[in-house]
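Trainee: Residue-level listing of the chains:
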Amino acid sequence: MNPVAKLAAAAAIAVALLLTLDVVSAAVALALELVLLPLLRIPLRRFWLRTLPLWVAAPLAGVTIALYGRTSGRVYAEFLFARVSEGSLELALATALRVLAIGLPALALFLTIDPAELADSLAQTLRLPARFVIGALAGTRLISLAADDRRSIAMARRARGLGDRNPFSALAGTAFTMLVVALRRGGDLAVAMEARGFGSGVPRTWARPARFGAREVGFILVGVLIGAAAIIASVVTGSWSPLGS
Amino acid sequence: MLLLGASGSGKSTLLRALAGVLGDDEGEALGSLSVAGQAGLVLQNPDSQIVMSRIGDEVAFGCENLGVPREDIWPRVRTALDAVGLDLPLDHPTSALSGGQKQRLAIAAVLAMRPGILLLDEPTANLDVAGVTEVRDAVGRALAGRDSSLVVVEHRVEVWLPVVDRVVVLSPHGVIADGDPAAVLRDRGGELAAAGIWVPGHTPPAPPRHRPEPVVAETAAGLTVGRDSVPVLTGLDLAVSGGEVLAVTGPNGSGKSTLALTLAGLLPPLAGDLDAFGRGSPHRWRSRDLLPLIGSVFQNPEHQFVASTVRAELEVGPHALKRPPARVDELLERLRLTALERANPFTLSGGEQRRLSVATALATSPRMLMLDEPTFGQDAVTWAELVALIGSLADDGTAVVAATHDAEFVAALADRTVSL
Numbered sequence: 004m005n006p007v008a009k010l011a012a013a014a015a016i017a018v019a020l021l022l023t024l025d026v027v028s029a030a031v032a033l034a035l036e037l038v039l040l041p042l043l044r045i046p047l048r049r050f051w052l053r054t055l056p057l058w059v060a061a062p063l064a065g066v067t068i069a070l071y072g073r074t075s076g077r078v079y080a081e082f083l084f085a086r087v088s089e090g091s092l093e094l095a096l097a098t099a100l101r102v103l104a105i106g107l108p109a110l111a112l113f114l115t116i117d118p119a120e121l122a123d124s125l126a127q128t129l130r131l132p133a134r135f136v137i138g139a140l141a142g143t144r145l146i147s148l149a150a151d152d153r154r155s156i157a158m159a160r161r162a163r164g165l166g167d168r169n170p171f172s173a174l175a176g177t178a179f180t181m182l183v184v185a186l187r188r189g190g191d192l193a194v195a196m197e198a199r200g201f202g203s204g205v206p207r208t209w210a211r212p213a214r215f216g217a218r219e220v221g222f223i224l225v226g227v228l229i230g231a232a233a234i235i236a237s238v239v240t241g242s243w244s245p246l247g248s
Numbered sequence: 072m073l074l075l076g077a078s079g080s081g082k083s084t085l086l087r088a089l090a091g092v093l094g095d096d097e098g099e100a101l102g103s104l105s106v107a108g109q110a111g112l113v114l115q116n117p118d119s120q121i122v123m124s125r126i127g128d129e130v131a132f133g134c135e136n137l138g139v140p141r142e143d144i145w146p147r148v149r150t151a152l153d154a155v156g157l158d159l160p161l162d163h164p165t166s167a168l169s170g171g172q173k174q175r176l177a178i179a180a181v182l183a184m185r186p187g188i189l190l191l192d193e194p195t196a197n198l199d200v201a202g203v204t205e206v207r208d209a210v211g212r213a214l215a216g217r218d219s220s221l222v223v224v225e226h227r228v229e230v231w232l233p234v235v236d237r238v239v240v241l242s243p244h245g246v247i248a249d250g251d252p253a254a255v256l257r258d259r260g261g262e263l264a265a266a267g268i269w270v271p272g273h274t275p276p277a278p279p280r281h282r283p284e285p286v287v288a289e290t291a292a293g294l295t296v297g298r299d300s301v302p303v304l305t306g307l308d309l310a311v312s313g314g315e316v317l318a319v320t321g322p323n324g325s326g327k328s329t330l331a332l333t334l335a336g337l338l339p340p341l342a343g344d345l346d347a348f349g350r351g352s353p354h355r356w357r358s359r360d361l362l363p364l365i366g367s368v369f370q371n372p373e374h375q376f377v378a379s380t381v382r383a384e385l386e387v388g389p390h391a392l393k394r395p396p397a398r399v400d401e402l403l404e405r406l407r408l409t410a411l412e413r414a415n416p417f418t419l420s421g422g423e424q425r426r427l428s429v430a431t432a433l434a435t436s437p438r439m440l441m442l443d444e445p446t447f448g449q450d451a452v453t454w455a456e457l458v459a460l461i462g463s464l465a466d467d468g469t470a471v472v473a474a475t476h477d478a479e480f481v482a483a484l485a486d487r488t489v490s491l
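Residue numbers (the working numbering), protein chains in the order written: chain A, 4 to 248; chain B, 72 to 491.
There may be inaccurate statements among the hints.
Stated by the list, open to error - Estimated spans, in silico, between C-beta atoms of each pair:
| # | chain 1 | residue 1 | chain 2 | residue 2 | range |
| --- | --- | --- | --- | --- | --- |
| 1 | B | R149 | A | A64 | 46 to 54 Å |
| 2 | A | L148 | B | V287 | 34 to 42 Å |
| 3 | B | G216 | A | D117 | 30 to 38 Å |
None of these hints come from the bench; they were simulated from the model. Backbone N, C-alpha and C fix where the C-beta goes; we use that ideal spot for every residue, glycine too.
Full structure from sequences and hints, please.
Mentor: This is the structure:
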């Protein structure tokens with residue numbers, strides 16, 4: 004599957020769910036997604052680990068809005084600035100469902116995207132400039148090296164007697180050294196890439212084709228249909244409430 | 072062709088000029104340079120020249136940039152990987168390769184571009200002994216039966232003698248010797264060795280040692296070391312004594328550095344007892360309390376630089392202890408850094424950075440010194456200086472722990488060796 008199709012499908016759902024803020028649309032989209040997600044065959048453990056932040060963020064967002072969201076209808080409880088009302092409860096539920104309905108497909112689809120494939124399709128399908136796409140791809144590889152650097156630098160600072168400082172000044176010092184080391188490595192990488200003909204002006208070929216055919220169109224269509232179903236259900240049940248209303 | 076010369080003689084610059092990667096804004100160029108066919112450059116550090124996350128894509132990268140049609144790329148990729156003996160699936164992750172494998176991959180990536188000239192800039196300087204042989208043999212095999220040229224810059228002559236048939240010696244004033252390897256080394260061997268090149272038969276002499284009576288500095292009993300709670304070594308019983316050089320040796324990944332860093336109080340032991348200078352396990356000490364007792368020198372000197380000048384770098388330790396920086400001038404003098412005292416540590420050469428990193432550890436006169444690969448990639452002159460300095464520290468009663476795969480270092484200094 005072309006990664007661009009995955010991104011487009013996730014975007015279609017997100018756009019549809021940001022048009023309205025009601026419970027019905029988010030619930031319908033989420034229900035459809037939960038039926039379809041197993042088809043992506045993501046290992047369960049990995050799925051839960053990566054989507055864990057969403058399962059934490061969605062109820063937190065809900066609770067916040069239940070307490071501090073716009074008051075309407077019957078008021079159930081009040082404490083200082085917090086006021087739980089019929090309206091704020093409904094908005095809270097809608098928000099929590101919406102966070103999941105937009106976030107789950109986006110994260111799940113992103114999990115199945117390989118950076119190299121994404122670069123291929125961004126350059127070949129979307130025709131983004133190769134210089135930019137390959138440069139960004141090479142950059143992602145340096146991130147894992149930076150994590151090792153950070154550990155060594157933290158140990159070195161302890162060895163040099165700077166490990167007892169307050170965490171903020173330590174952070175600044177570590178960040179500076181990491182930046183210098185990363186710049187040095189980035190410079191070396193740029194030389195190595197240039198030596199291998201990168202950016203020479205010769206039209207570049209692509210070793211792996213990025214296909215965009217019926218499968219991809221179909222996949223995007225699924226995303227569009229989920230969004231459409233959510234909107235239709237919301238309008239039909241009379242719960243359509245666009246942002247700002 | 073093996074290209075030799077003292078540091079600063081322009082070997083790397085020449086190689087980069089041949090590869091066509093010297094920018095117009097990096098200096099002046101006179102005269103003309105013509106290269107027949109494509110030039111392929113392989114650099115020293117395996118980590119800073121791999122672009123892609125899978126080995127097949129990595130080798131294909133150069134072909135893509137040259138505009139090679141897709142159907143021709145994959146056969147070229149397979150041939151190039153075969154040439155360097157990397158018999159792995161094309162989707163094997165590049166991050167899972169050893170240093171030697173990464174350098175072979177870099178060579179394959181260049182071979183797939185069908186270069187007329189293969190340029191190697193110290194391709195084995197960052198590798199252990201097994202990796203060095205692996206890469207040298209891969210180059211020999213890849214070149215056999217081809218009419219491409221090889222130019223290699225390396226200060227360890229012995230490694231490349233089996234595959235080169237010409238040696239050129241550079242000085243800042245131009246070519247000073249050019250010819251058959253045996254003849255050039257016979258006529259110029261002494262001179263080259265004095266310029267820091269490792270010439271067979273000119274190994275720097277080991278300094279004389281007069282070992283003082285060893286005094287126990289640190290003891291480990293049933294020690295387990297590892298990182299992120301993953302044990303690498305278990306059940307170690309070990310004593311480190313003042314006046315003694317303890318070498319920790321073993322192949323890459325055997326846990327040399329992990330053990331050394333644990334003994335230096337920088338990594339927590341996972342199990343067992345550790346006691347240094349009767350004050351318990353050093354990883355529980357405050358950072359400042361390490362300074363007068365345990366000094367550490369890291370594999371990559373840049374990781375330990377925190378100041379903007381060489382002098383300020385040496386004053387960091389004494390300053391943290393609120394002591395006057397009494398030894399700074401002496402250390403600058405002793406490690407030949409006086410002329411550089413106002414330079415930024417990050418702008419120094421590899422050898423200068425190594426000398427400075429040792430000096431910073433010595434500035435607070437620690438009773439124990441931990442060195443992680445102290446001689447990694449050093450030229451013969453810096454090597455001899457380091458060996459002499461470390462030997463004299465031990466003679467003065469300092470306990471020295473060195474994680475190293477440098478056999479000459481072990482032969483010259485080690486009083487005791489722990490092989491992992």
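Trainee: Report the numbers of all earlier hints that the structure fails to satisfy, in ascending order.
Mentor: none
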